[in-house]
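Asks: Given next are the chains, with one letter for each unit.
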Amino acid sequence: MRALLTQTRTELTLSLRNGEQLLVSIVIPLLLLVFFSLVDVLPMPEGVTDAVDFLAPGVLALAVMSSAMVSLSIATGFERQYKVLKRLGTTPLGRTRLVAAKIAMVLVLLTIQVVVLVGAALALGWGPGGTPALTPLALLLGTAAFAGVGLLMAGTLRGTLTLALANGLYLVLLLLGGMIIPFSEMPAWLATLGKATPAGALSTVVQSCLRDGAPAAGRAWMVLAVWAVAAPLAAARWFRWE
Amino acid sequence: MPSADASRPPDPAVEVDDLTIRYGDHVAVDGLSFRAERGRITALLGPNGAGKTSTVETLEGYRRPSSGTVRVLGLDPAADHGRLVPQMGVMLQAGGVYTGIRPLEVLRLFASYYDDPADPEALLERVGLADRRGATWRSLSGGEQQRLSLALALVGRPQVAFLDEPTAGIDPAGRQLIRRIVADLRDDGVAVLLTTHDLDEAEKLADRVVIIDHGQLLADATPAELMATGQGEELHFGAPGGIDVAALAEHLGAGVTEESPGEYRVATAAAPATVAALTAWLAERDLPLADLRAGRQRLEDVFLRLTRSAADADAAAGAAPPLDGADRRGGGSRRRRPGRGAARR
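Going line by line, the protein sequences match chains P and L.
Each residue of the first sequence is one higher than the one before, counting from 961 in my numbering.
Each residue of the second sequence is one higher than the one before, counting from 78 in my numbering.
Since the hints were made in silico from the structure, they are not lab data.
Quantities reported herein were computed from a predicted structural model and do not represent experimental measurements.
Heads up, a few of these hints could be off.
What the hints assert, rightly or not - Below, in silico cross-link-like pairs of lysine to aspartate or glutamate (EDC-like), each with a Cα-Cα straight-line distance of 20 Å or less:
#	chain 1	residue 1	chain 2	residue 2
1	L	Lys281	L	Glu302
2	P	Lys1043	P	Glu1202
3	P	Lys1062	P	Glu1202
4	L	Lys281	L	Asp261
5	P	Lys1046	L	Asp153
6	P	Lys1046	L	Asp264
7	P	Lys1046	L	Asp248
8	P	Lys1043	L	Asp284
9	P	Lys1062	L	Glu182
10	P	Lys1155	P	Glu1145
11	L	Lys281	L	Asp248
12	L	Lys281	L	Asp264
13	P	Lys1155	P	Glu1006
14	L	Lys281	L	Asp265
15	P	Lys1043	L	Glu221
Please work from the sequences and hints to get the whole structure.
Replies: Rendered as structure tokens:
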């Protein structure tokens, strides 16, 4: 237990010490939320009068993607490249506790993000609706899905390639995933594609949890659940420790 | 084989029996056998690509033998990995540490993995990094990283330590420090197995030297035994490369070979008359004499002889019998392929 706690605390410290990771996981979602809530330039879905009502659920989904996929994959990818994972393999820590520590780290990071972003959204006049009780489940499924994608990259590609790909995917999924730009504004084929990604599924689900009048999310829950199972399985199957 | 459950693991700490490791068609380790004892420093010595790291990584449990067996503290490093790792200290050739972490943080982290760890502060002091506690791993010099890696190998108070090239790329002061710590480990009864391609290192530090090349055992002996072979019957000198060895041999009345460019061996006792004849011959041709050694040879000479081409190896084997008959694998067919070795130093 001491090893698990120390491992989690150390990984969290290293993550928070890393400026780029803080930028991706806190600063960018916060900036998007505040800027586009105040500056009325983004198209909004039908029935949304206050931009923050659409943006708050969107940036929560974005926060999951940034910590579970981007931060986790970049850190793990470099740990693999610099043989940290290999070295840990000859300590009594063991894979189970290492993976548990990484999950714990992501969840703590996510908690910090949620507190900051929800606080900011409320300050901007956000009035949550929908079925908020399901939000934690949605965020956990999203975490599993994105962590699976992130670890799949980290465990199969070089550290620098993982870095580039994770950041590229972040931007693509930010645009395609319905997080700040509604699917209703996209051509049908692009919206269909976007909704099939874990980002699109998660944002649709979180919208339905936190916004009255959001589109029904039954299908999105299913897509999200598939990603949440398939991606970690794929990571477990193909992850190489060296 | 004693029971793995015995309260005190059996000696020797490390047993390698007929180990073979293949990567596809490439044979990295080929029928290697040796032992490493507790309270002894065993050096696994060989040129780059000799199979040292493959062997050590098998002992650490990273890979399984293609054939043959390895035992560490009586355990199978792969199958009994969980029981072995608390007693094992490992230093990888490079890396192995979070790039953004500080020395004391990583020592405390590793200490948390073990039931009875060494004191991280004291260990930091011991490897001479007490004044670098604010630096992150990536800002440490190569030598400082090596010392921190060594400290991480020791934090769990291991019974057996595997150190892969522990002094590679380190300045002389750091090298001295590491040698002292490794010697202390030995004195505490730890079985230390280190790899090196540095002959000087093996000669200074090891109680036993296991020389391998192309994955095969060439010699397994103490440094003193290795250096004693062929002693007194040879004269070594350094001079410009490419001198006429045939003419010199005729002049001296003894065989002369150029062992590597500019390094010569005369197959005769170093009698004063021979030395005089040699210097006179060189003087006539206005050739400088770089150095001259008689009698006690360095491990480097042994190493070069052992890793020389097949023809030379057979000639050398005539002058110096195999160092360890039992472990020497049979006959000429397993010896070096011709044309290798001289350029490899």
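Asks: All the hints need checking, so say for each whether the structure fits it.
Replies: The hints, checked one at a time:
1. L:Lys281 to L:Glu302: Distance ~14 Å between Lys281 of chain L and Glu302 of chain L Cα, so the pair holds.
2. P:Lys1043 to P:Glu1202: holds, 7 Å
3. P:Lys1062 to P:Glu1202: holds, 18 Å
4. L:Lys281 to L:Asp261: holds, 14 Å
5. P:Lys1046 to L:Asp153: Status holds; Cα separation ~19 Å.
6. P:Lys1046 to L:Asp264: violated, 29 Å
7. P:Lys1046 to L:Asp248: Roughly 26 Å separates the two Cα atoms, so the pair is violated.
8. P:Lys1043 to L:Asp284: This hinted pair is violated, its Cα atoms lying about 30 Å apart.
9. P:Lys1062 to L:Glu182: With Cα atoms ~17 Å apart, Lys1062 of chain P and Glu182 of chain L stay inside 20 Å; holds.
10. P:Lys1155 to P:Glu1145: Satisfied, since the Cα-Cα distance of roughly 13 Å is no more than 20 Å.
11. L:Lys281 to L:Asp248: holds, 16 Å
12. L:Lys281 to L:Asp264: Roughly 15 Å separates the two Cα atoms, so the pair holds.
13. P:Lys1155 to P:Glu1006: With a Cα-Cα distance of about 18 Å, the restraint between Lys1155 of chain P and Glu1006 of chain P holds, given a limit of 20 Å.
14. L:Lys281 to L:Asp265: The hint holds at about 19 Å.
15. P:Lys1043 to L:Glu221: Given pair Lys1043 of chain P, Glu221 of chain L holds - Cα atoms ~17 Å apart, limit 20 Å.
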